[in-house]
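S.K.: Listed here are the chains, written in short residue letters.
Protein chains: 2
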Amino acid sequence: MAAEATVRVPRGNKPYKRIATEEGFCPPELLEIYRDLIDNNKVDDPAFNAMFRFYLDSPSERVRQINNGLVSVGDFRLSQMDDAGIDKAILTLTSPGVQVMEKDDAVSFAAYANDWLVSEMKKNPDRFAGLTAIAPQDPAAAAREIERGHALGLKGAVVNSHTKGEYLDDPKFWEIFEAAEALNTPIYLHPQTPPKNMSGPLLERGLDGAIYGFAVETGMHMLRILIAGVFDRFPKLTMVIGHNGEALPFWLYRLDYMHRAGVASQRYDSMKPTKRTISEYMRGNVYITTSGVAWEPGIKFCQQVLGVDRVLYAMDYPYQYEPAEVAKLDEMDMSDEDKKKFFQTNAEKVFKL
Amino acid sequence: MAAEATVRVPRGNKPYKRIATEEGFCPPELLEIYRDLIDNNKVDDPAFNAMFRFYLDSPSERVRQINNGLVSVGDFRLSQMDDAGIDKAILTLTSPGVQVMEKDDAVSFAAYANDWLVSEMKKNPDRFAGLTAIAPQDPAAAAREIERGHALGLKGAVVNSHTKGEYLDDPKFWEIFEAAEALNTPIYLHPQTPPKNMSGPLLERGLDGAIYGFAVETGMHMLRILIAGVFDRFPKLTMVIGHNGEALPFWLYRLDYMHRAGVASQRYDSMKPTKRTISEYMRGNVYITTSGVAWEPGIKFCQQVLGVDRVLYAMDYPYQYEPAEVAKLDEMDMSDEDKKKFFQTNAEKVFKL
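Here the protein sequences come in this chain order: R and E. With my numbering applied, the first sequence corresponds to residues 1 to 353, in that order. With my numbering applied, the second sequence corresponds to residues 354 to 706, in that order.
Wrong hints could be hidden among the right ones.
[Said to hold, decoys possible] Across the chosen pairs, the derived CB separations fall in these ranges:
#1 G660(E) <-> G165(R): 50 to 60 angstroms
#2 E280(R) <-> G660(E): 26 to 36 angstroms
#3 D309(R) <-> D683(E): 26 to 36 angstroms
#4 D309(R) <-> R586(E): 31 to 41 angstroms
#5 R233(R) <-> K589(E): 25 to 35 angstroms
#6 E29(R) <-> E684(E): 55 to 65 angstroms
#7 D662(E) <-> G284(R): 31 to 41 angstroms
#8 P412(E) <-> P273(R): 39 to 49 angstroms
#9 K340(R) <-> N421(E): 40 to 50 angstroms
#10 D232(R) <-> N394(E): 52 to 62 angstroms
#11 D309(R) <-> E690(E): 46 to 56 angstroms
#12 Q65(R) <-> N421(E): 53 to 63 angstroms
#13 L31(R) <-> P412(E): 51 to 61 angstroms
#14 R11(R) <-> S623(E): 40 to 50 angstroms
[Stated by the list, open to error] No more than 20 angstroms apart at the CA atoms, straight line, and that leaves these computed lysine to any residue pairs for SDA-like:
#15 K272(R) <-> S472(E)
#16 K549(E) <-> K272(R)
#17 K196(R) <-> N550(E)
#18 K370(E) <-> N477(E)
#19 K549(E) <-> Y268(R)
What the hints contain is simulated information worked out from the structure, not anything from laboratory work. Everything numeric in this text was worked out from a predicted model, so none of it was measured. For glycine and all other residues, C-beta sits at the position ideal for the given N, C-alpha and C.
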């Protein structure tokens with residue numbers, strides 16, 4: 001990877017802007033909060049503890065770069081964006097955000113992170129947009145924070161998947177969807193490590209994180225929301241998922257078939273008829289980004305089965321800072337019109353930039 | 354689905370035979386064994402218990418058809434194969450097979466199931482082939498059973514994913530790989546419901562089974578095997594996974610990237626360097642079948658990223674008996690040569706029919 005990182009991609013060299021739509025950040029205090037949570041065994045989540053023990057203490061060059069990138073919404077990050085040809089980054093509080101904290105801490109740190117982000121972004125308003133961090137631990141407060149963030153100019157909300165093993169398909173969280181729909185602002189469902197009652201066999205072979213566990217947990221979360229009928233209750237709600245849709249585009253046929261069979265069998269009390277099929281919701285209410293998957297076959301497959309209007313570019317900075325990947329995506333065999341949608345205009349529409 | 358099932362597809366109407374490569378069966382006694390295991394709380398596996406409580410007792414027409422299909426390696430199944438244009442079915446002991454049983458019971462029932470299958474198939478040798486059921490609970494016995502099944506004319510072995518939460522990447526199971534490699538016969542890694550330490554949030558919204566949980570658990574199992582270096586130790590071993598490769602083809606780029614990053618970071622003792630990349634193993638040692646995913650975009654994507662020689666047709670009988678799906682796959686926009694590979698010759702090569 002070191003060799004590829006020496007590629008430099010200029011901004012402004014193509015007939016489109018490059019907007020990267022799933023880029024992580026955090027105020028520096030967050031990493032110290034995680035250290036306290038881990039050192040004092042405050043979070044009953046083996047995968048979270050293992051991952052951040054690694055990220056906080058690893059001497060590796062890659063991890064040091066990640067931590068430097070996370071806490072910068074200024075010169076360091078801008079320099080890397082310049083070298084990768086990224087015109088604008090949409091910033092989200094890095095996973096798991098506040099979702100491992102106790103309720104009151106989570107609510108207050110989410111607000112702090114949003115204020116910090118807005119303040120930092122003001123120095124370079126052309127280069128950054130951001131999403132509102134929320135604490136699902138307090139759904140009413142989360143709904144209010146979405147409104148407050150929107151008033152501050154943030155462009156949607158981010159949820160870093162499960163909150164202490166709980167999922168947004170539980171109606172107790174639906175105030176969050178209600179607030180987002182009312183403001184016509186999207187919710188980005190970002191990965192997290194799987195909770196304790198899912199991570200067991202993934203951890204045993206190092207599969208809990210970005211290599212696999214993130215995707216299966218987040219894909220499951222999105223499916224839970226779809227199957228629960230959230231988009232029947234909130235038909236104008238839009239959601240965004242990364243990593244080429246966490247493989248849900250690959251599964252559209254099987255999801256529709258088995259959802260229909262599952263509903264018909266009445267096996268599950270938690271799987272009732274919905275107004276539309278899973279693939280219809282995926283093509284009507286959900287957008288995907290390509291964070292971490294700079295791979296033409298996968299991207300074009302997703303465009304084929306979801307539509308070119310539903311696939312947005314993302315880099316996944318600072319976790320996957322690869323200017324060479326940007327150069328490669330520039331060269332995809334794709335019409336100029338579709339490439340502009342991919343890199344620029346889809347993001348402008350979804351996030352109202 | 355009922356409407357589609359009235360489509361009839363003749364055999365012999367195309368310039369290829371249709372060989373369905375992941376078709377479930379069981380001797381009738383297996384269902385009674387499961388009933389005993391469940392009624393007497395003998396298996397500490399909530400997803401298994403929930404699924405077979407449903408399959409054993411559901412009055413639904415679909416489930417009745419499934420159970421009739423499972424126990425038939427004769428007229429009932431042949432009639433359905435005739436109506437769907439299936440020339441030959443490769444039969445595997447239905448999931449979870451013997452892998453929920455205690456060791457001695459598992460070893461003896463696997464042998465019984467293999468003898469039963471061989472005996473039934475003899476009545477229609479042109480229409481059926483079968484794989485050897487094994488009990489990973491006793492790896493040495495499983496290795497011997499692969500040899501015995503091979504001598505009886507069976508065409509490989511089937512493992513229904515985890516065995517009481519244990520995975521084949523544990524070297525204690527590697528006698529199984531050694532036996533299969535020595536005989537140059539494939540191992541089919543078939544799905545099962547996820548074990549207790551993975552199924553929690555999947556069960557809450559009905560996602561434990563074929564709609565999603567099967568795939569993420571089996572994809573994980575295959576990844577564990579790849580990352581553990583099994584194909585470095587057994588380079589001539591071939592394995593087969595169903596359901597369009599349990600989404601691993603969709604993830605090839607990300608798997609390679611994050612595997613490389615994970616190895617480089619030395620985060621996991623269980624993730625050491627391997628001789629080749631995950632995608633190289635997937636294109637060199639692994640074949641996939643399309644069980645349950647009769648969907649042209651997904652199939653062609655898999656052919657594109659793995660190669661047309663690595664993608665085999667499967668129906669997933671009796672769980673997904675859809676003659677209309679066969680008719681649809683006949684009409685895929687694909688060269689005659691590739692279609693013959695897909696329906697016939699790839700299977701003949703992989704399973705040495």
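S.K.: Mind listing which of the numbered hints don't hold for this structure, in increasing order?
M.R.: Of the numbered hints, 1, 4, 5, 8, 9, 10, 11, 15 and 16 do not hold.
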